[in-house]
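S.K.: Letter by letter, the chains look like this.
Number of protein chains: 2
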Amino acid sequence: MMRFSTLIKHPAEWMTGAATGNAVVLTSRIRLARNLARHPFPGWAKKVQRREVMETLKPAIENLPCMKDGFSKELEELDSVQKQVLVERHLISREHAARGEGSAAVIARQQTVSIMINEEDHLRMQSILPGQDLHHAYREISGIDDALAAEVEYAFDLRLGYLTTCPTNLGTGMRASAMLHLPALVLSDQIGQVLQAVNKIGLAVRGIFGEGSESLGHLFQISNQSTLGESEESILERLDRVITQVARNELFAREKLVEEDPDMVADKIGRAYGLLRHAWLISSKEALEHVSMLRLGGDLGAFPAGTSRICDELLMDIQPAHLQLHTGKKLSAEERDNIRAEIVRSRLQNLEAPDNRSLQTNGGDSDSSPDLGVL
Amino acid sequence: MMRFSTLIKHPAEWMTGAATGNAVVLTSRIRLARNLARHPFPGWAKKVQRREVMETLKPAIENLPCMKDGFSKELEELDSVQKQVLVERHLISREHAARGEGSAAVIARQQTVSIMINEEDHLRMQSILPGQDLHHAYREISGIDDALAAEVEYAFDLRLGYLTTCPTNLGTGMRASAMLHLPALVLSDQIGQVLQAVNKIGLAVRGIFGEGSESLGHLFQISNQSTLGESEESILERLDRVITQVARNELFAREKLVEEDPDMVADKIGRAYGLLRHAWLISSKEALEHVSMLRLGGDLGAFPAGTSRICDELLMDIQPAHLQLHTGKKLSAEERDNIRAEIVRSRLQNLEAPDNRSLQTNGGDSDSSPDLGVL
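Protein chains in written order, with numbering that gives the first Met the number 0: chain A, 0 to 374; chain C, 0 to 374.
Honestly, the hints are just simulated from the structure, not real lab data.
Remember, it's a predicted structure, so these values are computed and weren't measured experimentally.
All C-beta atoms, glycine included, are put in the ideal place defined by N, C-alpha and C.
A hint or two may mislead.
So the derived list for chain C, only partly shown, Cβ under 7 Å to chain A, looks like this [stated by the list, open to error]: (1) 8; (2) 10; (3) 64; (4) 266; (5) 272; (6) 274; (7) 351.
List of simulated lysine-lysine pairs, DSBU-like, C-alpha gap at most 35 Å [what the hints assert, rightly or not]: (8) A:284 / C:82; (9) A:255 / C:329; (10) C:255 / A:329; (11) C:284 / A:255; (12) A:255 / C:46; (13) A:46 / A:328; (14) C:329 / C:255; (15) A:284 / A:82; (16) A:255 / A:67; (17) A:328 / C:328; (18) C:82 / C:46; (19) C:328 / A:284; (20) C:329 / C:82.
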């Protein structure tokens, strides 16, 4: 299998694919929760039972075609920085990183598929793809699900569907989500209204970084709340429709901003660029905000194509554990801010100042004012 | 005489001279208050009496050798933007700009000498020089004072000295001041202590911009409070000694900052540079703060020699009336912020990013820790 250092040397494929085409929906992700029949859920299992489950599942997963030359480790084999790096890459959950004996992670070489063993459930399998591509991500993880189902027996009830530790996952065991970049809705103060509309139809929205409702970097995740009483296809279709609509709202808001207050937009983009290029101490929170504006600038034509890719990689690499791994030693908060600023400056050193005189929206459909009612 | 547009086309000589040598004391200024004998003070005078005073003084002043090819206008001949521009250049006072019939301003070509007629007193004459040069500035204005005294009779009392409208100017009628740039004392939180010490020995300290105690751009003016019972020479000597000491404190604080927290200093300078280079909307208050850091960066070797000169000219030119004059039309606050940012960007476009790796203090005397006690 692959070494940790090899895995981490490359950005995940889902991080780099969004550079073209989809400026608003950065990634689409499907996660399935599964458990083995006749084995206690991880929270109730004894160590020996957890280990038994892992020893059944780990080789079965490693043998999947998609896991060829992939990464596979028991969590006990990883140190805390390595685990934190996997969390920052969205490859394992924060909760999983805290688990000990009997838990493992198996990750595909391209980092688009990752499977946690003995997280809250015996199996948490996810597929992440760039852009708005929920159906494709679902097909991918579904194939893996089918392949595993041929090897092991899942805990399944004809009436309830897949059985899970937490009742909120019962049924399909599926959580589908997309990560959206919504700076114009935030800048134009429409975000609250949009999020409320999304909530009202039973979908969940939350900020990506910083947990809770705080939304750093204007990044939001929209996902399904319910997993029961509805088919996977129907859930995905509904979610996909809403995501399309929110993305259209964002593009419309960008168009309005550029039309009505181009100086404000140019100022935000220019300041973000100036600070990222020349700060010597920067927190991850502040960097996130500015990188978000840089990405918007790229989408609006102020920076050359490929800027979003730089942004995506930066977002990943300036996180605390990534920094620690990069420097190979424990860092104080001020050292982190210093090294973060250094990395940001060096990554952006060839990025020319924004061409703010030619701001343009490239995806908005200005004829049809988007209507939140259709959500 | 000189036209307004010609006067304003060039920066004042005292603005550009400080570029070399004196990094902390930007300018030295002497102002003398004088009144004509047997004429009521301007506040009590009738229009016709004010006009009479002006008609006596204006030609006498215009004929002074230092006023050859200078600027001379009655305030009624200037529009409000022009008057405001003169205020922003420290060539006339805010109070003088508000006066009408019978008031005038005569300004030397190099803008180092300017004389207000019928301000609070019949005559307010000032000399401004770059750097720490109070004695030279005094000699200059004193020569003018002597020349005028040969032409007109001053209101003078053998016991009280020169008689003035306000008793705080009685005696010498002299206000001597220096403008100091004290960013390191502010950043290291020592400024309060320094200002208190200066106040305690009977000198006044105030921020330059924004009036009152607010100090924008880390610029402070130190001046004498009392004008009575002490010779000009003794006042100047005391003031000069204090200014020298405060400047040494500032240089010592810079050295400490660079030594103990170079990343913080580099960060402040870098951010200021980044924002000034790339903002599209900037208030004068914010610009002042950043220009102050740019100037500090220049003093510390992060920017090439001559950067302080760019800073000084910027400080002048981004003020509201200067902007208005520059564009030739009335501007809204947002338009001002926009044009200000444009001017700043264009003035700085050839200034390379700060070389923060070679920060150094160039004037501190690190052997002797300065002692506020000697003030």
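S.K.: So, for every hint listed, does it hold in this structure?
M.R.: Here is how each hint holds up against the structure:
1. 8: Where the cut-off is 7 Å and the nearest Cβ of chain A is about 28 Å from residue 8 of chain C, the hint is violated.
2. 10: violated (26 Å)
3. 64: Hint on residue 64 of chain C: violated, closest Cβ of chain A at ~49 Å, above 7 Å.
4. 266: Holds. Min distance 4 Å.
5. 272: With a closest approach of 5 Å, the residue 272 of chain C hint holds.
6. 274: Constraint on residue 274 of chain C satisfied, holds at 5 Å.
7. 351: violated (11 Å)
8. A:284 / C:82: violated (46 Å)
9. A:255 / C:329: Holds: residue 255 of chain A and residue 329 of chain C sit about 27 Å apart, inside 35 Å.
10. C:255 / A:329: Holds: residue 255 of chain C and residue 329 of chain A sit about 27 Å apart, inside 35 Å.
11. C:284 / A:255: holds (29 Å)
12. A:255 / C:46: violated (58 Å)
13. A:46 / A:328: holds (32 Å)
14. C:329 / C:255: violated (46 Å)
15. A:284 / A:82: holds (21 Å)
16. A:255 / A:67: Roughly 48 Å separates the two Cα atoms, so the pair is violated.
17. A:328 / C:328: Since the Cα atoms of residue 328 of chain A and residue 328 of chain C sit roughly 59 Å apart, the hinted pair is violated (cutoff 35 Å).
18. C:82 / C:46: Within the cut-off at roughly 21 Å; holds.
19. C:328 / A:284: Not satisfied, since the Cα-Cα distance of roughly 41 Å exceeds 35 Å.
20. C:329 / C:82: holds (15 Å)
Figure legend: structure checked against the earlier numbered hints; hints not met, in rising order: 1, 2, 3, 7, 8, 12, 14, 16, 17, 19.
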